[in-house]
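Keeping their order, the protein sequence lines are chains A and B. Residues 0 to 477 in numbering that gives the first Met the number 0 are what the first sequence spells out, letter by letter. Residues 0 to 477 in numbering that gives the first Met the number 0 are what the second sequence spells out, letter by letter.
One or more of the hints may lead you astray.
Remember, identical chains collapse to one label, so a pair may be satisfied in a single copy or spanning two.
What the hints assert, rightly or not - Mimicking PhoX-like on lysine-lysine, the simulated pairs with C-alpha atoms at most 20 Å apart in a straight line are:
| no. | residue 1 | residue 2 |
| --- | --- | --- |
| 1 | 249 | 420 |
| 2 | 206 | 439 |
| 3 | 465 | 441 |
| 4 | 316 | 61 |
To be clear, the hints were calculated from the coordinates, so they are not data collected in a lab. Please read all numbers here as calculations on a predicted model, not as lab measurements.
Protein chains: 2
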Amino acid sequence: MAKEKKVQQITDMDVDFAQWFTDVVVKAGLVDYSGIKGFYILRPYGYAIWENIQAVLDRMFKDLGHENVSMPVLIPESLLQKEKDHVEGFAPEVAWVTHGGSEELQERLCVRPTSETLFCDHWQHVVHSWRDLPMLYNQWCSVLRWEKTTRPFLRGREFLWQEGHTLHRTAEEAEAETQQMLNVYADFCENWLAMPVVKGRKTDKEKFAGAEATYTVECMMHDKKALQSGTSHYFGDGFARAFEITFTDKDNTLKYPHQTSWGLSTRTIGGLIMTHGDNNGLVLPPKIAPTQVIVIPIASHKPGVIEKAEEILAKLKAAGIRSKIDTGDQSPGWKFAEYEMKGIPLRIEIGPRDMENGQCMAVRRDNGEKIIVALDGLEESVAKLLDDVQNGLYEKALRNLNENTFPASTMEEAKDIIDTKGGFIKTMWCGDLDCELEMKEKVGVSSRCIPFNQEKLGDTCICCGKPADKMVVWGVAY
Amino acid sequence: MAKEKKVQQITDMDVDFAQWFTDVVVKAGLVDYSGIKGFYILRPYGYAIWENIQAVLDRMFKDLGHENVSMPVLIPESLLQKEKDHVEGFAPEVAWVTHGGSEELQERLCVRPTSETLFCDHWQHVVHSWRDLPMLYNQWCSVLRWEKTTRPFLRGREFLWQEGHTLHRTAEEAEAETQQMLNVYADFCENWLAMPVVKGRKTDKEKFAGAEATYTVECMMHDKKALQSGTSHYFGDGFARAFEITFTDKDNTLKYPHQTSWGLSTRTIGGLIMTHGDNNGLVLPPKIAPTQVIVIPIASHKPGVIEKAEEILAKLKAAGIRSKIDTGDQSPGWKFAEYEMKGIPLRIEIGPRDMENGQCMAVRRDNGEKIIVALDGLEESVAKLLDDVQNGLYEKALRNLNENTFPASTMEEAKDIIDTKGGFIKTMWCGDLDCELEMKEKVGVSSRCIPFNQEKLGDTCICCGKPADKMVVWGVAY
């Protein structure tokens with residue numbers, strides 16, 4: 000019966016992946032839709048995942064010397080316009096505040112789509128000497144981008160993120176920061192979210208508005224599409240010049256500092272869902288799961304069962320394992336389905352027979368494996384099983400990435416791969432925008448990045464046949 | 000010389016308290032002004048205080064079963080208008096988004112001034128049965144209120160806060176929640192911020208727009224004015240009726256649930272400054288200070304001094320005391336002034352002579368007291384000194400409150416107190432709005448609250464002379 004209930008609950012992911020995704024975010028209690036298109040309510044369970052992401056990243060940032068700040072939510076139009084490329088990239092998709100109280104404002108204010116201009120304006124006030132550098136700042140906030148098509152987590156008109164902004168004495172220092180923060184994202188995606196990444200540089204077409212270089216970590220979802228999961232930008236001194244930020248260097252001359260920014264958003268929760276989820280719902284990696292273990296008493300009316308289950312819960316909690324118990328009056332089958340939908344990594348079942356044998360049953364969410372675990376030394380066994388789930392999810396996602404990344408040397412070959420199998424395509428590329436646009440038009444893929452791990456697949460561009468020394472990874476992107 | 004520098008740096012608090020406040024928030028590095036009136040940048044040191052406030056309160060909320068969520072930053076005009084009193088209170092001071100990208104919106108959206116309407120809209124979707132209750136939610140975010148006069152921390156057009164929103168099966172449960180959260184705020188203000196409070200109920204004139212009852216904790220600042228530091232509202236089922244939120248109760252009938260909300264903002268940082276600060280700058284209570292101890296090597300060119308200072312730092316950190324060191328090339332005098340300005344509760348000086356004697360010098364920020372401390376057992380001594388500073392600040396603030404709260408039985412007496420001494424006035428009040436307005440007009444004070452700790456000062460209203468059974472505390476408020 001529990002089985003039937005589950006089958007009815009969500010769409011089959013291999014039949015309609017987009018609908019499956021929507022079903023999961025709603026049924027797992029992550030999100031509710033608000034009255035405005037593209038604005039979502041993060042419900043407690045969805046927000047708890049974000050809080051865990053915040054806690055881990057915030058610690059990583061601070062360990063590297065970054066400090067949090069809070070910038071205004073509104074940007075004057077004149078400030079947004081100071082850097083030419085930046086305003087061209089963002090102005091078409093911002094929301095404008097035109098009235099405050101009953102008065103019309105003298106200047107329109109946009110709700111921040113990103114905060115480079117605000118940080119620069121502040122730095123212009125407070126940076127004077129090389130002693131003031133580097134400025135290593137981060138901000139946790141929400142930003143608005145007035146997108147046409149919207150989906151929970153993947154593309155919201157409002158989304159939550161962190162935006163790091165740093166200012167440095169030299170170009171080298173700023174470039175090193177850009178790389179360092181990309182590596183933080185890669186580390187976080189792989190070791191916490193269990194999402195293997197392709198690390199690389201964006202083409203000029205795909206880079207951030209106003210940046211000299213954008214670096215990215217790209218992940219492959221279950222449907223073999225790409226999700227850009229974190230980006231790190233090097234700005235050179237372009238913004239500094241536009242905002243007239245100068246400092247007196249050690250040699251007593253006036254110079255422009257060099258700048259970076261880097262961001263990761265609630266999109267990564269979309270990534271978690273689409274990387275690990277299955278037809279029973281969400282599957283969360285233990286290291287980021289709000290609840291790692293759910294304890295479910297079986298035949299809980301029998302004497303001592305609930306007490307034993309509570310005892311197990313207390314033991315796990317004392318060992319620092321995030322655990323909950325469900326002693327409600329629903330059937331075990333209903334509970335199994337419920338916590339599978341919520342993606343809780345490990346279920347512990349305890350009933351009268353288990354108690355007699357001094358054991359309980361552990362069930363892995365990732366592969367359904369059932370393991371008999373002795374109550375003696377339970378904490379160690381559970382910790383080990385959670386590690387196994389974490390590693391199992393990573394290995395599975397890595398296989399998906401490796402088995403669905405294909406080299407191609409002709410447009411026809413590339414088109415055939417996308418049409419029949421899907422996945423990432425790696426090809427040589429001459430560097431011309433025209434060829435990049437033709438790949439989009441004829442094959443239907445965009446360049447995801449020029450990976451740091453280059454392979455020499457050939458000597459010529461897949462598109463124009465001219466000499467090419469760059470390998471690009473292409474894909475259909477969210 | 001250090002002394003001279005300090006004197007030049009900030010305005011004397013007893014000459015111009017408002018200017019002193021502005022000087023402190025800027026010189027201590029808490030805030031920078033943005034390009035928009037009433038929007039402030041919280042710099043790392045200012046934001047770090049807020050992060051500590053968040054960490055403590057968040058733990059308190061969660062221990063009481065509350066969960067964090069994230070609501071949209073924008074509210075459709077039609078949603079804001081659903082509860083009559085609420086919209087009347089807030090509509091005049093909101094910022095309106097009228098354009099998204101290049102399009103004019105069909106309906107204006109306001110940037111949230113508070114989120115009751117959003118929570119109600121969500122609950123209308125998800126609350127069906129008594130089993131869904133209570134909903135115990137909280138949100139950390141910024142809100143906008145288009146104020147005319149603005150000041151950092153005290154009155155911003157944007158400010159950071161938390162807003163708790165809860166929904167309950169019965170009126171009794173909701174009322175108990177309202178009281179519970181007021182007590183959390185009182186506990187937090189007194190035991191963490193070292194700010195004694197007057198706890199009580201707001202008069203109808205002063206209550207929150209749309210609330211049945213508003214409760215408050217009021218604090219007295221150094222200049223004897225009042226700062227409302229946290230409020231907790233009971234809504235009855237008014238919003239539930241306006242938003243058509245119903246649930247099936249245990250008896251199988253359809254009912255309206257009962258609601259609360261409660262909030263505390265970055266205003267409390269303004270309160271910290273104005274309660275504890277002095278003419279050398281900020282003074283932070285140790286329990287909330289980002290840095291509790293600053294270690295300063297004296298004659299640091301002498302062999303072993305910096306090493307010993309670092310050793311002290313490591314010892315303090317290992318004991319969980321938030322500590323920093325300054326080994327920079329400025330003079331000790333400059334450093335003393337700098338960390339006094341930043342309000343760091345305890346300074347540890349270590350020089351060659353101290354080393355010989357196996358000791359160091361501790362200097363309390365609150366009263367300037369210098370204490371010789373043996374390096375042996377340093378952590379325990381420092382922890383004890385930090386407790387002393389925390390308690391000393393609370394005792395001093397409590398004296399300020401007690402010594403400047405005066406009973407009055409006639410308007411003339413009240414006016415004379417406000418004109419000559421300032422402070423809080425306690426009087427009997429009949430409950431009529433007219434008398435409350437007359438107190439404002441003739442004495443220049445507003446009702447702060449009807450304290451829970453009532454005293455029978457007489458039988459008649461200070462204003463109209465009619466029978467009165469309520470004691471009110473009045474004051475000049477921020």
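Legend entry - Structure-inconsistent hints, enumerated in ascending order: 1
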